[in-house]
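When you get a sec, could you build the whole thing from the sequences and use the hints?
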Amino acid sequence: MAKPGKSAEADEVANEPPKKGRTKLIIIIAVVAVLVIGAGVAAFFLMGQSHELTPAEKAEAEKVEEKADEEASAKNPPKYVDLGTFTANLVREESDQYLQVAISLKLTRPELEERVKNSSPEIMHRVNMLLQSKRPSELITYEDKKRLAGQIKEQVEYVLHMRKIEPVISSDPLEAPPTETKGGKSGITEVLFTSFIIQ
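Residues 1 to 199 (the numbering used here) are what the sequence shown spells out, left to right.
These are calculated hints, taken from the structure and not from any lab test. Hints should not be assumed to be uniformly reliable.
The calculated DSSO-like cross-link candidates involving lysine-lysine, where the alpha carbons are at most 30 Å apart (straight line), are [to be verified]:
hint, residue 1, residue 2
1, 117, 79
2, 79, 145
3, 117, 146
4, 67, 145
5, 63, 153
6, 185, 63
7, 185, 146
8, 153, 106
9, 58, 106
10, 145, 117
11, 79, 106
12, 164, 79
13, 75, 185
14, 79, 185
15, 67, 164
16, 67, 106
17, 164, 185
18, 153, 185
19, 153, 117
If you want it as structure tokens, here you go:
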């Protein structure tokens, strides 16, 4: 029969967890922590290495982009899609005046032609609303017409889901800043006024 003192001592030794298992667990946790911290530091440095392009690098990038555009347009000549002739009452200034304008789109992506035609009722609506928001004095100079062409382009791009944010229809250019096209170039290179008459 075993002595009571030795039995209690044996129970304590049996209840102690093995020291080797605890040490391995601590080492594994430390290695994982070091790896996670190392990956975070590496990602931080890699992401932080993006730098601003120098003017020379920007010029070179623009040349490469222009050359790619020229090659693409040589392979696929642009398509022209008529949006139609629009007649809109302008916002009254000195007297009642209206604008009559014929609009065409120059497209560099051939697949856009069908999309423009399928969406023409909404495009025509948005262009009409934009034209009716204008004053005659806002459509006099070349710059005025160029600004209007840009605003029409934004409306068309929005209808074709190339812009996330709906362009504001406003006669004040400060109220309606240009919005970014999703993914860069839309394939709509120009809005052309084949006729432009204010009476």
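Now for the hints, and whether the structure bears them out:
For the hint linking residue 117 to residue 79, the alpha-carbon distance of about 13 Å falls within 30 Å, and the restraint holds. This hinted pair checks out: residue 79 and residue 145 have alpha carbons roughly 22 Å apart, not beyond 30 Å. Using a Cα cut-off of 30 Å, the hinted pair residue 117 and residue 146 holds, with the two alpha carbons roughly 24 Å apart. For the suggested pair residue 67 and residue 145, the alpha carbons sit about 28 Å apart, so the restraint of at most 30 Å is met.
Of the pairs offered as hints, the one joining residue 63 and residue 153 holds, with about 25 Å between alpha carbons and a cut-off of 30 Å not exceeded. Restraint check for residue 185 and residue 63: satisfied, since their Cα atoms lie roughly 16 Å apart, inside the 30 Å limit. This hinted pair checks out: residue 185 and residue 146 have alpha carbons roughly 18 Å apart, not beyond 30 Å. For the suggested pair residue 153 and residue 106, the alpha carbons sit about 10 Å apart, so the restraint of at most 30 Å is met.
The hinted pair formed by residue 58 and residue 106 meets the criterion: a straight-line CA distance of about 27 Å does not exceed 30 Å. Taking the CA atoms of residue 145 and residue 117, the gap is about 24 Å. The hint holds against a cut of 30 Å. Distance check on the hinted pair: residue 79 and residue 106 sit about 6 Å apart at the alpha-carbon level, within 30 Å; holds. Distance check on the hinted pair: residue 164 and residue 79 sit about 25 Å apart at the alpha-carbon level, within 30 Å; holds.
For the given pair, residue 75 sits about 18 Å from residue 185 by alpha-carbon distance, which is consistent with the 30 Å threshold. As the CA atoms of residue 79 and residue 185 are separated by approximately 16 Å, the hinted pair is consistent with the 30 Å bound. Between the alpha carbons of residue 67 and residue 164 the distance comes to roughly 29 Å, so the proposed pair stays at or under 30 Å and holds. Simply put, residue 67 and residue 106 have alpha-carbon atoms about 19 Å apart, close enough for the 30 Å limit, and the pair holds.
For the given pair, residue 164 sits about 14 Å from residue 185 by alpha-carbon distance, which is consistent with the 30 Å threshold. Of the pairs offered as hints, the one joining residue 153 and residue 185 holds, with about 12 Å between alpha carbons and a cut-off of 30 Å not exceeded. The suggested pairing of residue 153 with residue 117 holds, with an alpha-carbon distance near 15 Å, which does not exceed 30 Å.
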